[in-house]
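Engineer: Chain by chain, the residues:
2 protein chains.
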Amino acid sequence: MATRAAILPDLEQDHPCFDCAVRELAVCGVLESAALRAFKEAGPTVRYEAGDTVVFESDRAANVYSLTTGLLRLSKLLPDGRRQIAGFLFPGDFLGITMEEEHAFTAEAVAPSTLCKFARRQFDDFIAKHTALERRLYAVAAHELAAARQQLVLLGRKTATERIASFLLMLASRCPSMPGGDEIDFPMSRADIADYLGLRIETVSREITSLKTKRVIQLTRRHSFCIVDRDRLEQLAEG
Amino acid sequence: MATRAAILPDLEQDHPCFDCAVRELAVCGVLESAALRAFKEAGPTVRYEAGDTVVFESDRAANVYSLTTGLLRLSKLLPDGRRQIAGFLFPGDFLGITMEEEHAFTAEAVAPSTLCKFARRQFDDFIAKHTALERRLYAVAAHELAAARQQLVLLGRKTATERIASFLLMLASRCPSMPGGDEIDFPMSRADIADYLGLRIETVSREITSLKTKRVIQLTRRHSFCIVDRDRLEQLAEG
DNA sequence: CCAAGTCTTTGATCTGCCTCATGCTTGCGA
DNA sequence: TCGCAAGCATGAGGCAGATCAAAGACTTGG
Chain C
1 MATRAAILPD LEQDHPCFDC AVRELAVCGV LESAALRAFK EAGPTVRYEA
51 GDTVVFESDR AANVYSLTTG LLRLSKLLPD GRRQIAGFLF PGDFLGITME
101 EEHAFTAEAV APSTLCKFAR RQFDDFIAKH TALERRLYAV AAHELAAARQ
151 QLVLLGRKTA TERIASFLLM LASRCPSMPG GDEIDFPMSR ADIADYLGLR
201 IETVSREITS LKTKRVIQLT RRHSFCIVDR DRLEQLAEG
Chain A
1 MATRAAILPD LEQDHPCFDC AVRELAVCGV LESAALRAFK EAGPTVRYEA
51 GDTVVFESDR AANVYSLTTG LLRLSKLLPD GRRQIAGFLF PGDFLGITME
101 EEHAFTAEAV APSTLCKFAR RQFDDFIAKH TALERRLYAV AAHELAAARQ
151 QLVLLGRKTA TERIASFLLM LASRCPSMPG GDEIDFPMSR ADIADYLGLR
201 IETVSREITS LKTKRVIQLT RRHSFCIVDR DRLEQLAEG
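So the protein lines, in turn, are chains C and A. Note that this note's numbering numbers the first sequence so that position 172 is 172, with each residue one more than the last. Note that this note's numbering numbers the second sequence so that position 173 is 173, with each residue one more than the last.
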């Protein structure tokens, strides 16, 4: 995905973006040194602790964000308390894909997170001048759309076992494991997983136990696991 | 949504776009007469009958389309035959939001449909020269993303009754009824509805019957209905 | 106008996941 | 180190929606 060199030649070593681990992944990845400097000047770096709300659904969409470290969840609450998590945002992901006045979903930090924050007005002015960024944003939106539609297949047609297996494979592809190790850390709770997969926490717990018993995965700690039999897991994910 | 006048002053009366009923709704809505002429020259109008496949998942995404009349469904098939419909495309909708090489979903005609077809290469060249179109495409992608995520809430957390009620309200807002009348026509079968809502056809049929019995809706013919008690229907859709 | 096929409705029964209940584990502050 | 709260696991039983079965209701073609 990211093909250019990790270090921009003309960027000062003390610039906040200089050692950003996700610049290539993020929307900023398409910007040259000068454009990147101007871009970063448009907004500060902000930090949220686990559980904090970054944006609330129906709030005016006054800002957009680029997640640099941590994990966010995008969720919606029904009047009676039922919750659906529409997706998780990983480092490099963009928060604020909309042309509407209000946010449609709540974004909360699942783990301590840092984000680059931009006023939407300034952000819009900026992309109008930088076509590459505009195209990148479209690519990101198209990619998110395909991912959301893929999740529709999971929620509409997959069994509990298939959902859990699919979820673990997604984690494996998105959560970086220790170099050399194959242990995958994930900060979300069983409740988050349940609300993402359209299940109840008891079912999530039972299915994970079942995969452990069948020696498909191994639970190292509560929030980390290893894939023991990847083929079998992929098989289980498809049905 | 569409704010400009319905008729472009400089467009010839015999131009295929002249009496296009959905030009304002479609991506073309942002183009001036000259740009629109150039745009339309880039691709022919094509027609598909009910059941025809417009694009197949995993096909190379060589073309993009703008739907002018009819109805399409976007679907995905699991290896064992389970099907999920990710969405329906109504006149004015755009088909081909992706930066990938391949289509992720199959698009089929639910009713006889006409589309403006564009080679993707030419389409990309064109949008690079017309910023307004590029922004409009981003707006469309963002809108579709929000709709898909809203559908995730339905599939993950709503009951069968809530799903059907939500679906009927969506139809009411998107299927134009006869002027003066409140009868809503929809061409999709019970199987399509079931695969869109993550239910079985028997459940769809039972829920529709139940709403009819409760005098919330009235079934005029198999593929058309009237909303008798809209407040109640909206109440049922939310839970 | 009728025959044959397809789509839809309705009924009876089954089952996967939910609900409710309880105990266990883990982490954290006193 | 202990105690307590929050999160997680596990068991028993229930229910919404699936599955199986069969009978209407349109549609199409001869």
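FYI, nobody ran anything at the bench for these hints, they're computed from the structure. A hint or two may mislead.
Since the list gives no way to pick out one identical chain from another, each pair is judged satisfied if it fits inside one copy or across any two copies.
DSBU-like cross-link-like pairs, simulated, lysine-lysine; straight-line CA separation at most 35 Å [said to hold, decoys possible]: (1) K76 to K212; (2) K117 to K214; (3) K129 to K76; (4) K212 to K40; (5) K40 to K117; (6) K117 to K212.
Engineer: Hint by hint, which ones does this structure get wrong, listed from lowest number up?
Structural biologist: 2, 4, 6
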